[in-house]
Amino acid sequence: MRRSEVRGRQVTFHVLSVELDSALRGAGLGLRRELIPALSAGKPEVISFYEVAPENWIDMGGAKAKAFRALTERTPLVCHGLSLSLGGPTPLDEVFLRKLKSFLKVHQSPLYTEHLSYCSDDGHLYDLMPIPFTAEAVTYVAKRIRQTQDILGQRIAVENASFYTGSPIDEMSELEFVNAVVTEADCWLHLDVNNVYVNSVNHRYDPRDFLRGIPADRVVYMHMAGHYRESDDLLVDTHGADVIDPVWDLLEFTYREIGVHPTLLERDFNIPPLADLVTEVARIASVQHRFQPANSHANAAIHS
Amino acid sequence: MPTPRSIPEFQDYQRAFTRHIRDPKKHPRPEGVATRRMDVYNELLFNNVVGQVSSCFPVARSILGEEVWRELVRAFFATHRCRSPYFRQIPEEFLQYMQERDASDLEPDFLIYLLHYEWVELSVEISDKEADMRAIDPSGELFAGQPVLAPARMLLTYPYAVHRIGNDYQPTPEQQEQTSLLVFRDSSDKVRFIVMNPVSARLIALIETGGVSGDQALEQIVDELQHPNPASALAGGRKILENLRKEGAILGTLRSAAGFTG
Numbered sequence: 001m002r003r004s005e006v007r008g009r010q011v012t013f014h015v016l017s018v019e020l021d022s023a024l025r026g027a028g029l030g031l032r033r034e035l036i037p038a039l040s041a042g043k044p045e046v047i048s049f050y051e052v053a054p055e056n057w058i059d060m061g062g063a064k065a066k067a068f069r070a071l072t073e074r075t076p077l078v079c080h081g082l083s084l085s086l087g088g089p090t091p092l093d094e095v096f097l098r099k100l101k102s103f104l105k106v107h108q109s110p111l112y113t114e115h116l117s118y119c120s121d122d123g124h125l126y127d128l129m130p131i132p133f134t135a136e137a138v139t140y141v142a143k144r145i146r147q148t149q150d151i152l153g154q155r156i157a158v159e160n161a162s163f164y165t166g167s168p169i170d171e172m173s174e175l176e177f178v179n180a181v182v183t184e185a186d187c188w189l190h191l192d193v194n195n196v197y198v199n200s201v202n203h204r205y206d207p208r209d210f211l212r213g214i215p216a217d218r219v220v221y222m223h224m225a226g227h228y229r230e231s232d233d234l235l236v237d238t239h240g241a242d243v244i245d246p247v248w249d250l251l252e253f254t255y256r257e258i259g260v261h262p263t264l265l266e267r268d269f270n271i272p273p274l275a276d277l278v279t280e281v282a283r284i285a286s287v288q289h290r291f292q293p294a295n296s297h298a299n300a301a302i303h304s
Numbered sequence: 305m306p307t308p309r310s311i312p313e314f315q316d317y318q319r320a321f322t323r324h325i326r327d328p329k330k331h332p333r334p335e336g337v338a339t340r341r342m343d344v345y346n347e348l349l350f351n352n353v354v355g356q357v358s359s360c361f362p363v364a365r366s367i368l369g370e371e372v373w374r375e376l377v378r379a380f381f382a383t384h385r386c387r388s389p390y391f392r393q394i395p396e397e398f399l400q401y402m403q404e405r406d407a408s409d410l411e412p413d414f415l416i417y418l419l420h421y422e423w424v425e426l427s428v429e430i431s432d433k434e435a436d437m438r439a440i441d442p443s444g445e446l447f448a449g450q451p452v453l454a455p456a457r458m459l460l461t462y463p464y465a466v467h468r469i470g471n472d473y474q475p476t477p478e479q480q481e482q483t484s485l486l487v488f489r490d491s492s493d494k495v496r497f498i499v500m501n502p503v504s505a506r507l508i509a510l511i512e513t514g515g516v517s518g519d520q521a522l523e524q525i526v527d528e529l530q531h532p533n534p535a536s537a538l539a540g541g542r543k544i545l546e547n548l549r550k551e552g553a554i555l556g557t558l559r560s561a562a563g564f565t566g
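Each protein sequence line maps, in turn, to chains A and B.
Residue numbering for the first sequence follows my numbering, beginning at 1 and increasing consecutively.
Residue numbering for the second sequence follows my numbering, beginning at 305 and increasing consecutively.
Derived by calculation from the structure, the hints in this document are not laboratory data.
Just so you know, even glycine gets a beta-carbon here, dropped at the ideal spot from N, CA and C.
It is possible that part of the hints are untrue.
As the list claims (entries may be wrong) - Some chain A residues judged to face chain B by a derived CB distance under 7 Å, without partners named:
| no. | residue |
| --- | --- |
| 1 | D93 |
| 2 | F96 |
| 3 | P132 |
| 4 | S167 |
What the hints assert, rightly or not - Residues from chain A shown here face chain B by an in silico Cβ test under 10 Å; the list is partial:
| no. | residue |
| --- | --- |
| 5 | M60 |
| 6 | A65 |
| 7 | G88 |
| 8 | Y118 |
| 9 | G123 |
| 10 | Y126 |
With these hints in hand, go ahead and build the complete structure from the sequences.
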């Protein structure tokens with residue numbers, strides 16, 4: 001009985017991964033409210049998908065919601081969550097998860113991802129904080145990811161989060177923590193290339209070593225973004241500037257080492273005209289083409 | 305033999321981390337965390353919440369001034385526990401905190417009503433209530449037909465004329481002026497308000513209960529008022545009805561069941 005249940009779940013995941021592969025490819029753009037008028041007037045061809053924080057649109061009505069719905073009817077939508085607090089101390093919000101599940105269905109969203117971090121104590125704090133890298137935390141977070149996957153009925157991806165301080169009680173490195181969690185949770189990895197760069201500067205490691213240590217077969221999705229340079233040894237992941245050259249270099253390295261996956265440009269502050277963002281999205285697409293001939297499968301790894 | 309820990313060690317540390325972020329003056333930075341790195345979190349999290357709250361309450365913020373405003377938001381951040389996972393409901397969490405706390409004598413008496421009114425505008429703007437326009441005849445006859453109200457709306461009564469409060473009009477408790485407002489989202493999704501008189505407020509309330517024609521609602525009001533000249537009162541009421549449609553608060557009339565094609 002138990003065995004067949006497990007097998008049934010694997011079949012479901014496999015089918016979803018095939019759908020993910022066909023529904024999601026190329027380069028995408030974070031769908032900010034400010035961009036909706038320009039995108040409603042006409043989507044540049046290079047944008048293959050959008051991404052939103054589902055928290056910003058669940059239960060939303062009015063003019064903005066109508067325009068949003070019109071956009072997602074024509075273009076695939078990835079959901080990248082903000083508030084689930086996978087590493088938080090209170091039970092997962094199941095009411096929210098059920099709303100999320102129907103939101104994913106309504107918008108036929110092929111992928112939901114969340115941050116490998118926490119954003120609450122006994123109340124929401126609305127920003128991301130670093131989970132201490134301990135064995136107890138691995139078990140705890142992996143269990144919550146599994147619980148999320150059970151409620152949603154689909155596999156999710158977790159994102160390597162940017163962070164600004166290690167915890168004095170850390171028992172392992174960030175890389176060991178990420179690997180342990182995705183293995184124990186049996187989930188996908190959403191690899192944020194800018195976060196690897198930001199963390200490598202903030203915590204003094206070689207980003208290429210980090211990327212070589214990532215479980216490539218679990219990566220299904222990537223992010224690119226700009227950040228704010230507070231000082232030589234402190235970068236803040238603001239998504240408020242253009243992507244810098246060292247991060248473009250790192251994207252090429254990532255595609256070479258890990259493979260080409262659907263990749264999104266995030267821009268949340270100082271939002272320039274759409275045309276400027278499209279230039280960066282087009283650059284992602286052109287790097288993808290260089291590392292992957294047009295007809296091969298983007299997500300070959302997840303079928304194995 | 306050590307007693308088993310009920311809370312894992314990493315969660316103890318997380319609690320210390322968030323306690324400090326919420327109220328750095330009261331709770332020290334967790335041991336072993338560098339000040340400069342901790343400050344990144346202190347600033348990012350508080351500024352985010354200040355921004356989310358401030359965007360909803362521009363008038364209250366301007367009246368109180370930046371320093372007092374930030375102190376209020378800091379007290380909210382330090383002591384209130386937000387339940388909502390949705391960023392857009394942070395203003396509602398703030399309003400709830402302000403309603404539950406003991407007001408300071410230094411704040412204007414109207415503050416809580418002004419905050420409520422500013423929140424209502426946002427709340428109506430993003431409400432998920434949508435009209436089913438297939439069931440509504442926009443040019444339907446309002447007196448014999450059943451008027452349909454814009455579904456994203458709130459009918460509210462305040463002790464102050466909250467819609468006029470600003471830097472130039474800050475009423476004292478002696479200047480209270482009971483004010484009923486209908487705040488609604490019209491068919492082009494713009495948020496608007498109409499100042500109500502007792503008759504129009506009662507009319508909206510009767511239409512809300514449903515199943516009445518415009519004239520039936522008006523006749524009931526004329527009855528309730530024991531108006532000496534029912535005919536002229538009804539005529540006045542009909543003008544109110546037409547005006548509510550002109551302003552966009554009434555979308556039209558309910559189409560008759562026979563008119564449905566499915």
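Hints, verified against the model:
For D93(A), the interface hint holds, since its Cβ comes within 7 Å of a Cβ in chain B; the closest pair sits about 6 Å apart. Evaluation of the F96(A) hint against chain B yields a held restraint, the C-beta minimum of about 5 Å falling below 7 Å. Against a cut-off of 7 Å between C-beta atoms, the interface hint on P132(A) holds, since the closest Cβ of chain B lies about 4 Å away. Among the interface hints, the one on S167(A) holds; its C-beta lies about 6 Å from the nearest C-beta in chain B, closer than the 7 Å criterion.
Of the supplied interface hints, the one on M60(A) holds, with its beta-carbon coming within about 6 Å of a beta-carbon of chain B, less than 10 Å. At its closest, the beta carbon of A65(A) sits 7 Å from a beta carbon of chain B; the interface hint therefore holds under the 10 Å criterion. With a least beta-carbon distance of about 8 Å to chain B, the hint placing G88(A) at the interface is held under the 10 Å criterion. Interface restraint check: Y118(A) against chain B, minimum CB-CB distance 7 Å, threshold 10 Å, status holds.
At about 3 Å, the closest approach between the beta carbon of G123(A) and any beta carbon in chain B falls short of 10 Å, and the interface hint on this residue holds. The restraint placing Y126(A) at the interface with chain B holds, with a minimum CB-CB distance near 6 Å, inside the 10 Å limit.
Of the numbered hints listed earlier, not one is contradicted by the structure.
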